[in-house]
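Q: Work out the full structure, taking the sequences as your base and the hints as a guide.
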Amino acid sequence: MAIAVTGVATADDWSLKARWSIGRQAWLVQAEHRMPERGGWIRGWLATEAGAPAEFNLLTDALVAIERFLDAPTWARCREFSGV
Numbered sequence: 009m010a011i012a013v014t015g016v017a018t019a020d021d022w023s024l025k026a027r028w029s030i031g032r033q034a035w036l037v038q039a040e041h042r043m044p045e046r047g048g049w050i051r052g053w054l055a056t057e058a059g060a061p062a063e064f065n066l067l068t069d070a071l072v073a074i075e076r077f078l079d080a081p082t083w084a085r086c087r088e089f090s091g092v
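Count along the sequence shown starting at 1, add 8, and that's the number in my numbering.
It is worth saying that the hints were derived from the structure and are not from the lab.
Each hint should be verified, as a subset may be incorrect.
What the hints assert, rightly or not - Just the calculated beta-carbon pair ranges, DEER-fashion:
1) 85 - 31: 20 to 30 Å
2) 60 - 23: 14 to 24 Å
3) 66 - 45: 29 to 39 Å
4) 80 - 16: 15 to 25 Å
5) 65 - 44: 31 to 41 Å
6) 45 - 65: 32 to 42 Å
7) 30 - 59: 16 to 26 Å
8) 42 - 76: 18 to 28 Å
9) 80 - 60: 31 to 41 Å
10) 23 - 68: 13 to 23 Å
11) 47 - 68: 31 to 41 Å
For clarity, every value in this text was computed on a predicted model and none was experimentally measured.
C-beta: ideal position from N, C-alpha, C; glycine also.
A: Dropping the structure here:
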């Protein structure tokens, strides 16, 4: 899976990108997923097993996480968006 020059990776009904969090001083992965049953696109963060937004020290680590996520995407691995 190649990530576009824009930094956004897309597959089927998914769109993911790495974003720098000034408050956390870490890279987070923003996920958007099209869910017609919920009214369209919903936004969230790639999450840890504990449900917190996953944090990455390096951009390259965030990009690897995006590629791995897109191998088997599921909303269960995300935390619905709340400002971070």
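Q: Can you tell me whether the CB distance of residue 80 to residue 16 sits inside 15 to 25 Å?
A: holds, 19 Å
Q: Confirm or reject the claim that residue 23 and residue 68 have a C-beta distance inside 13 to 23 Å.
A: holds, 20 Å
Q: Could you check the hint for me, namely that residue 45 and residue 65 are 32 to 42 Å apart, CB to CB?
A: holds, 36 Å
Q: Kindly confirm whether 31 to 41 Å is satisfied by the beta carbon distance between residue 65 and residue 44.
A: The hint (31 to 41 Å, Cβ to Cβ) holds, given that residue 65 and residue 44 are roughly 36 Å apart.
Q: Has the hinted range 29 to 39 Å been met by the Cβ atoms of residue 66 and residue 45?
A: This hint holds: roughly 36 Å between Cβ atoms.
Q: Could one say that the CB atoms of residue 60 and residue 23 fall in the range 14 to 24 Å?
A: About 22 Å separates the Cβ atoms of residue 60 and residue 23, which means 14 to 24 Å holds.
Q: Can you let me know if the beta-carbon spacing of residue 47 and residue 68 is within 31 to 41 Å?
A: holds, 35 Å
Q: Taking the CB of residue 80 and the CB of residue 60, does the distance hold inside 31 to 41 Å?
A: Violated - the Cβ-Cβ distance for residue 80 and residue 60, about 21 Å, lies outside 31 to 41 Å.
Q: Between residue 30 and residue 59, does the C-beta distance stay in 16 to 26 Å?
A: Given about 22 Å between the Cβ atoms, the range holds.
Q: For the hint 20 to 30 Å, verify it against the beta carbon of residue 85 and that of residue 31.
A: holds, 22 Å
Q: Looking only at beta-carbon atoms, does the pair residue 42, residue 76 fall within the given range of 18 to 28 Å?
A: Cβ of residue 42 to Cβ of residue 76: about 21 Å, so the range 18 to 28 Å holds.
Comparing the model with each numbered hint stated earlier shows that hint 9 is the single one that does not hold.
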